[in-house]
Each structure stands twice: as C-alpha cells, then as structure tokens.
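A.B. asks: Each chain, written out:
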Amino acid sequence: MIKIEFLGPIGKASIQMEADTLADVSAKLKEDASLTQWLDKCAVALNDTMVNDLSIVLKDGDKVSILPPVCGG
Amino acid sequence: MIKIEFLGPIGKASIQMEADTLADVSAKLKEDASLTQWLDKCAVALNDTMVNDLSIVLKDGDKVSILPPVCGG
Amino acid sequence: MELYQGSLDTKEIFGRWLDEQASSNYGAYIPFVGTIRAEDGIEALSFDIYEPVLQAWFDRWQEKAQALGAVVKMAHALGDVPVHSSSYISAVFSPKRRVALELIDTFVEDFKANAPIWKYDVINGERMYAENRSTPMDGSGLLA
Amino acid sequence: MELYQGSLDTKEIFGRWLDEQASSNYGAYIPFVGTIRAEDGIEALSFDIYEPVLQAWFDRWQEKAQALGAVVKMAHALGDVPVHSSSYISAVFSPKRRVALELIDTFVEDFKANAPIWKYDVINGERMYAENRSTPMDGSGLLA
Numbered sequence: 001m002i003k004i005e006f007l008g009p010i011g012k013a014s015i016q017m018e019a020d021t022l023a024d025v026s027a028k029l030k031e032d033a034s035l036t037q038w039l040d041k042c043a044v045a046l047n048d049t050m051v052n053d054l055s056i057v058l059k060d061g062d063k064v065s066i067l068p069p070v071c072g073g
Numbered sequence: 001m002i003k004i005e006f007l008g009p010i011g012k013a014s015i016q017m018e019a020d021t022l023a024d025v026s027a028k029l030k031e032d033a034s035l036t037q038w039l040d041k042c043a044v045a046l047n048d049t050m051v052n053d054l055s056i057v058l059k060d061g062d063k064v065s066i067l068p069p070v071c072g073g
Numbered sequence: 001m002e003l004y005q006g007s008l009d010t011k012e013i014f015g016r017w018l019d020e021q022a023s024s025n026y027g028a029y030i031p032f033v034g035t036i037r038a039e040d041g042i043e044a045l046s047f048d049i050y051e052p053v054l055q056a057w058f059d060r061w062q063e064k065a066q067a068l069g070a071v072v073k074m075a076h077a078l079g080d081v082p083v084h085s086s087s088y089i090s091a092v093f094s095p096k097r098r099v100a101l102e103l104i105d106t107f108v109e110d111f112k113a114n115a116p117i118w119k120y121d122v123i124n125g126e127r128m129y130a131e132n133r134s135t136p137m138d139g140s141g142l143l144a
Numbered sequence: 001m002e003l004y005q006g007s008l009d010t011k012e013i014f015g016r017w018l019d020e021q022a023s024s025n026y027g028a029y030i031p032f033v034g035t036i037r038a039e040d041g042i043e044a045l046s047f048d049i050y051e052p053v054l055q056a057w058f059d060r061w062q063e064k065a066q067a068l069g070a071v072v073k074m075a076h077a078l079g080d081v082p083v084h085s086s087s088y089i090s091a092v093f094s095p096k097r098r099v100a101l102e103l104i105d106t107f108v109e110d111f112k113a114n115a116p117i118w119k120y121d122v123i124n125g126e127r128m129y130a131e132n133r134s135t136p137m138d139g140s141g142l143l144a
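Chains as they are written, first to last, in my numbering: chain A, 1 to 73; chain B, 1 to 73; chain C, 1 to 144; chain D, 1 to 144.
Just so you know, nobody snuck in bad clues.
One-sided and incomplete, this derived list gives chain D residues near chain B with beta-carbon spacing under 7 Å:
no., residue
1, Gly34
2, Pro116
3, Thr135
4, Pro136
Derived from the structure by calculation, the hints contain no laboratory data. Model, not experiment: these values are computed from the prediction. Ideal Cβ positions, reconstructed from N, Cα and C, are used throughout, including at glycine.
Please put together the full structure from these sequences, using the hints given.
C.D. replies: Shown next as structure tokens:
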C-alpha cells in the first residue's frame, strides 16, 4: 500500500492505494472527478523528494504528495 | 576668478585662476606636474554639478571640483 | 530555516542574523523583507507550508550558496499574517557584492516559484486560496 | 541620505527605515549592508565624502525610484570604520519584488561607480588611498 496526500488548498483527505509505479497512481487519480481541476497543475513528491518520472517504481509504505500551485512570500 | 578644488586623495590645496572655459582650466592644470598622474582619471563638477563638456563658459566665482577615482561602500 | 506562527519579528531576525555572522568576514549582507500589502480588501494573508519539501529546497540552496562562498537564510510565517506586517525574510551573506546581488535575486525568484507554500486571502475571517497569484511548481502536470 | 562619523548602527538604521515605511504599503524592502572585511592586514577603512555631489547623485536616484513607485535610502560612514563593522547601508522599498530586486542592483552598482567617496586602508594608524580598488567616475579624463 502507498499513501497519497493532497497538500494546501486541495482540501482532500489522504488516501491509500495499491500501485507499482507513479503511472499507476496517475491512472487511479484521474478516475476521481474532484481532482480533475488539479492534476495538470500539481507537482509530485515521493517520500518528500520532488520527482518528475512516471516510471518510478513504488514500494510498500511509500508516500506520494500532490503539491498544487504555490505562492510563498 | 574661479576656484579649483582637488578632492579626496589628491591632497592639493585649492587654487584660484582666471579662465573663460573649462578648456582654459584644462590648459592651465596640465602645466602643473603634480597633477599629471591625476587628470586623465578625474571627473569634474562645476558648482557641484557633474559636467562633461570643455566648452562650458565660466563666470566669476564659479567653483570647479576635481574628483579622483572613487570607491564608496 | 525558521518558521513562525503569525507575523515575523523582522528587527529581531535581521539583528540576530547580523550578529551570527559578525565575525564571518562577509562584506555584503542583503536581506529581502516581504510585507503584506493592504489591497483588495484583505485583512490578512494566511499560509500553509509543507515543511519537509521546503527544508529540502532550502538545503539545496544552502549548498549552491556554499559553492559560491556565500550563506543563505530564510524565515517564513505560518497561518495568518495581518496587513503591514511581515510574512517572509530571506537573506544572503557573501564576501563580495556581485555574488550577493545575483544570489538574492535567483534565491527569491526560485522561492516564489518552487517553495511549497500556499497563500490564502483572509476577508471577513474567511480563508480563500490565492489561486490566480499562484504558480505551478517545476514538474507540474506529471500525473495529468 | 544619512552620513555618520565612524561605523553605522546597522540595527538602528534598518529598524528606523522599516518603521518609517510601516504604513506606506510597500511589499518589498531590500537593504544592502556593507561590512568592512579583515584583509591585507588592515585595521580599518577610512572614507572621505564630497557631500554636495553625493546629495545630487542621491536625489537623482530618488527621482528614478519614484518613477518606478519605489523609494531608495542610503547611509554612509565618514572617517575610520574598523573591520567587521558597517560603513554603508542602502535600501529599496517597492510595492513589488521585481522592481525592488532590479533597483537594489543598479542602485548599488552605480553607487560603487559614481558616488563621490574615497576609500583609504588604515594600517598601523596610517591612511593609504585604495587606488587599485577605485574607479574613475563617468566623464573622467575631461581635463587631460
């Protein structure tokens, strides 16, 4: 099982899912209509490291964070 | 009469001279061997305004300042 | 890196950073102080921060700064920050001014683009995501 | 523009400028603090300033800043400034960060090139013109 957490203004509780790669995570999240407006503008961290490759292989206990557009300062 | 003052590290007392233009000032200062090392790297202010034109006409009581290379901060 | 609940104590932070580096022989110290502007009827801005990714982002900048012989510092507010008070201070110390002037610019710009911080307008006590002023982070759209 | 005999009280100046602009609604405040580095065996640097031309230089920058909706500030030391203390602080206030980041860079660089200030190394109590670090001002050589 991996955990998906949605940060900042997405306002959605964390979920758990089975997934072998980030491509699997993408496929499952695209089924959730509440995320349609978010996915194309969100970045992704795996275990708190920013990632940019759908083929990354996941292991049990991994945490995937979904980071919407930012505005610090 | 106009007054010529030498600023900062030049370490030379002010002088007075007759001069109709800055070109006249230049001609007279070039006769002073102690200024040879300075004139080509010094800027000029007339009555505390920076100037860059030898043909400027001077009037009695004008002050010409000779400003050597700077390093503030 | 320092995170505070609410407005920053700008003078304390400026002075403490100055004192910490007092004998480090840096010739240039450039802080950037961000203050909440009164506009569009807001009473405050409010901030969420994802600290683990922010810390990693900051640590990479500290390494970049060290490679230039410089040091970076950062403080940011969490939660509500009233107008005319400060939410953000970053700073660069460097032996020479050119490195410091270039580093504060790239550091602050990358902060705006990639620090995992979310901003909300607070109007009549309600918190609204400042979506139209927000920027997708590098790599956004991976899962779309 | 502020001139002081000896080292600047950096914290006082930073805080006072902050307070002066507290309700001006500027979003970005960027001070540049210059500190005397210990190098080449100096005990202090020392400064001569020609104030009338410096004031005119500063007033022109204040006009340029105003045209951008910004404000510039400057403080400098006269006479001896011991190593590890501050001789120079300039600052920009602006509604937005891009204007502030660009203005502090051009303001400080033009200051180094054209502010009528002369620097001397102080070694064993003797004052020696820092000729090799000095820059001829714009328009130099007119009388040569």
